[in-house]
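Protein chains: 2
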Amino acid sequence: MTWVYFAIFFCACASAGATGAMFQPGEWYRSLNKPSWTPPDWLFPVAWTTLYICMSAAGARVAGLDGSGLALSLWALQIALNTLWTPVFFGKQNMRGGMVVLSALWIAVAACMVALWQLDWLAGLLFLPYLAWVTTAGALNWSVLQLNPAQPGQA
Amino acid sequence: MTWVYFAIFFCACASAGATGAMFQPGEWYRSLNKPSWTPPDWLFPVAWTTLYICMSAAGARVAGLDGSGLALSLWALQIALNTLWTPVFFGKQNMRGGMVVLSALWIAVAACMVALWQLDWLAGLLFLPYLAWVTTAGALNWSVLQLNPAQPGQA
Numbered sequence: 026m027t028w029v030y031f032a033i034f035f036c037a038c039a040s041a042g043a044t045g046a047m048f049q050p051g052e053w054y055r056s057l058n059k060p061s062w063t064p065p066d067w068l069f070p071v072a073w074t075t076l077y078i079c080m081s082a083a084g085a086r087v088a089g090l091d092g093s094g095l096a097l098s099l100w101a102l103q104i105a106l107n108t109l110w111t112p113v114f115f116g117k118q119n120m121r122g123g124m125v126v127l128s129a130l131w132i133a134v135a136a137c138m139v140a141l142w143q144l145d146w147l148a149g150l151l152f153l154p155y156l157a158w159v160t161t162a163g164a165l166n167w168s169v170l171q172l173n174p175a176q177p178g179q180a
Numbered sequence: 026m027t028w029v030y031f032a033i034f035f036c037a038c039a040s041a042g043a044t045g046a047m048f049q050p051g052e053w054y055r056s057l058n059k060p061s062w063t064p065p066d067w068l069f070p071v072a073w074t075t076l077y078i079c080m081s082a083a084g085a086r087v088a089g090l091d092g093s094g095l096a097l098s099l100w101a102l103q104i105a106l107n108t109l110w111t112p113v114f115f116g117k118q119n120m121r122g123g124m125v126v127l128s129a130l131w132i133a134v135a136a137c138m139v140a141l142w143q144l145d146w147l148a149g150l151l152f153l154p155y156l157a158w159v160t161t162a163g164a165l166n167w168s169v170l171q172l173n174p175a176q177p178g179q180a
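Heads up: the sequence lines are chains A and B, in that order.
Quick note: the first sequence uses our numbering, first residue 26, plus one each step.
Quick note: the second sequence uses our numbering, first residue 26, plus one each step.
Possibly wrong hints are sitting among the right ones.
Said to hold, decoys possible - Heads up, simulated SDA-like pairs for lysine to any residue below, C-alpha to C-alpha not over 20 Å straight-line:
hint : chain 1 : residue 1 : chain 2 : residue 2
1    : B       : 117       : A       : 46
2    : B       : 117       : A       : 71
3    : A       : 117       : B       : 39
4    : B       : 117       : A       : 51
5    : B       : 117       : A       : 119
6    : A       : 117       : B       : 168
7    : B       : 117       : A       : 49
Keep in mind the hints are simulated off the structure, nothing from the lab.
Bound conformation, chain A alone (with noise of 0.2 Å):
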């Protein structure tokens, strides 16, 4: 049966890996002003890949557990803001919007880390690189707001 989780949950993780298939950096993210440590490109889906896999595993590691509501629900509000955040940004090339929805993201991914954390110790472990990874993505968001004032993003 954990195994039929982490299918569910991997789906739900490739819907949102679709949008960055979809909404590729293209021309305008490259002739953004970036800060010197920001990652090179081929990183981010290597990334993401790694992550997907760690938050299907910590989903269907509690998914059997009673008790597991308030992390299921937190898991389901993570992977709809995370699938959000690259239409935003590289669809809509709204930085700001970007950053409020990182934002939303970071406290989702914490709460569901915690939430986890207290079901199964491992569970919450695999959620610790996903929130330095949204850690930096926001860092990497914020700086580039910062970076391009005149850009129309800024809207």
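Using the hints provided, position chain B relative to the given structure of chain A.
This is chain B only, laid out in the frame that chain A set:
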């Protein structure tokens, strides 16, 4: 605690709903040939708001129950697919891609409804209007795909 669950699920629904505010139908959609039974534009936000309340209530009713893991993992899957559809269809104007997402969404919603029903018949019932609406949306997406063979969104 049920209200906390409702709030979390409703925030997830709001993420999905935000795509509808960002990627509006616009000129492209208006210019498409549509079937005679196409619902009027004003009905879409009304229907979705009602459905989001029903979906959140359904999730909140079961989240505190033991054995709700399957229903909640499917709830997470359906909200990710729901968030994905609008950017694909209206954002990328990809009618074929939209059809793929809607088909996956229909399966996820139907499976979630069955899983909810086994825990609480009222939660299952709260998903029935959603399944009906996704069925209608699927028929509309399919019909628009057939009626506009020369559109780039066929790609």
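Here is how each hint holds up against the structure:
Between residue 117 of chain B and residue 46 of chain A, the direct Cα distance comes to roughly 12 Å. Compliance with the 20 Å bound is thereby established for this hinted pair. For the proposed pair residue 117 of chain B and residue 71 of chain A, the alpha carbon gap of about 24 Å is over 20 Å, so the pair is violated. A C-alpha spacing of about 18 Å is found between residue 117 of chain A and residue 39 of chain B, which places the hinted pair at or below 20 Å, so the restraint holds. Proposed proximity of residue 117 of chain B and residue 51 of chain A is supported: the alpha carbons are some 14 Å apart, at most 20 Å.
Between the alpha carbons of residue 117 of chain B and residue 119 of chain A the distance comes to roughly 16 Å, so the proposed pair stays at or under 20 Å and holds. Restraint check for residue 117 of chain A and residue 168 of chain B: the C-alpha separation of about 27 Å exceeds 20 Å, so the hint is violated. The straight-line distance between the Cα atoms of residue 117 of chain B and residue 49 of chain A is roughly 12 Å, inside the 20 Å bound, and the hint therefore holds.
In terms of the numbered hints stated before, the structure departs from hints 2 and 6, listed from lowest to highest.
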